[in-house]
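Chains A and B are the protein sequences, given in the same order.
The first sequence maps to residues 1 to 247 in the numbering used here.
The second sequence maps to residues 1 to 39 in the numbering used here.
Think of the hints as simulated: they come from the structure by calculation, not from any bench.
Remember, predicted model here, so these are calculated numbers, not experimental data.
Treat the hints with care, since some could be wrong.
Here are a few chain B residues that face chain A, going by a calculated C-beta distance under 8 Å [to be verified]:
1. Y2
2. I6
3. Y10
4. E34
For each residue, glycine too, the CB sits at the ideal point set by N, CA and C.
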Amino acid sequence: MLKALENISALYANPTRFMQLAARLHAPLWALALALLAYGLFRAFQVPEDYQQGETVKIMFVHVPAAWMALFGYSFIFFASVTALIFRHPLGHVAARAAAPVGATFTLIALVTGSLWGQPMWGTWWVWDARLTSMLVLLFVYLGYIAIWQAIEEPTRAARTAALLAIVGFINVPIVKFSVDWWNTLHQPASVSRLARPALHADFLYPLLIMGVAFLALFFALTLTRMQMEILRQKLRVRRMRTNQGA
Amino acid sequence: MYDTYIYASYGATFLPLAILIASSFAQWRKVKAEIADSE
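Just need the whole structure built from these sequences, with the hints factored in.
As structure tokens, this is what we get:
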């Protein structure tokens with residue numbers, strides 16, 4: 001299994017070969033993401049009222065998958081950065097940089113929709129409890145990561161500094177995930193990850209999982225598009241440098 | 001009664017995503033055009 005992963009990784013270490021694969025995957029991935037999103041939304045608006053939360057339970061179908069993607073996106077950046085720094089994979093930094101705005105957007109969505117859900121259910125837009133605060137910290141770490149790429153002009157130094165921040169910042173991911181177990185929070189504990197016995201009825205669980213897969217497909221479609229853009233941008237930079245040196 | 005919160009949540013989800021998708025494709029198209037110009 002590990003050997004197969006190594007072979008695939010080595011095969012697509014060449015940006016030209018990766019671009020050929022990306023061109024083939026681009027349209028089907030977008031089509032899959034949009035189809036799943038449409039089906040997920042259709043199912044989400046068909047669910048019955050929850051006995052406690054009433055109609056507001058519909059907010060769950062965007063809030064929870066966005067929060068999943070916020071954590072998944074940062075984990076993706078962490079693994080891509082490790083791959084780039086330790087294994088020197090040429091696409092590691094490209095993948096991490098491409099995923100950062102996508103993950104940051106999902107984090108912002110999770111925070112805003114959580115606030116819009118909190119007001120009718122808890123009677124407040126915001127509390128400084130461990131889950132909400134660690135999620136806000138995650139957004140700042142994402143923004144810091146993006147800012148490093150913008151602030152440092154020399155690409156190799158920017159890549160190394162951003163990767164180091166990504167690795168150090170990963171400490172916040174388990175804090176976000178387990179904050180509801182480690183501290184007393186207003187935010188409820190996990191309902192879905194208890195796979196043996198999820199706390200959600202199937203009427204709510206399946207639309208939620210469909211929206212989760214739709215957001216995952218959207219994450220990969222967006223990241224792939226941005227990776228293609230990053231590789232072309234690097235190609236353009238090299239071409240301009242050669243032109244300037246030749247002049 | 002809670003319709004405003006529900007629609008605001010869906011708006012707060014799909015508006016940023018739409019902006020991100022549009023800007024990603026716009027940047028990609030711009031870089032592709034610059035690459036074509038430089039050839």
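Legend entry - Violated hints, by number in ascending order, as checked against the structure: none
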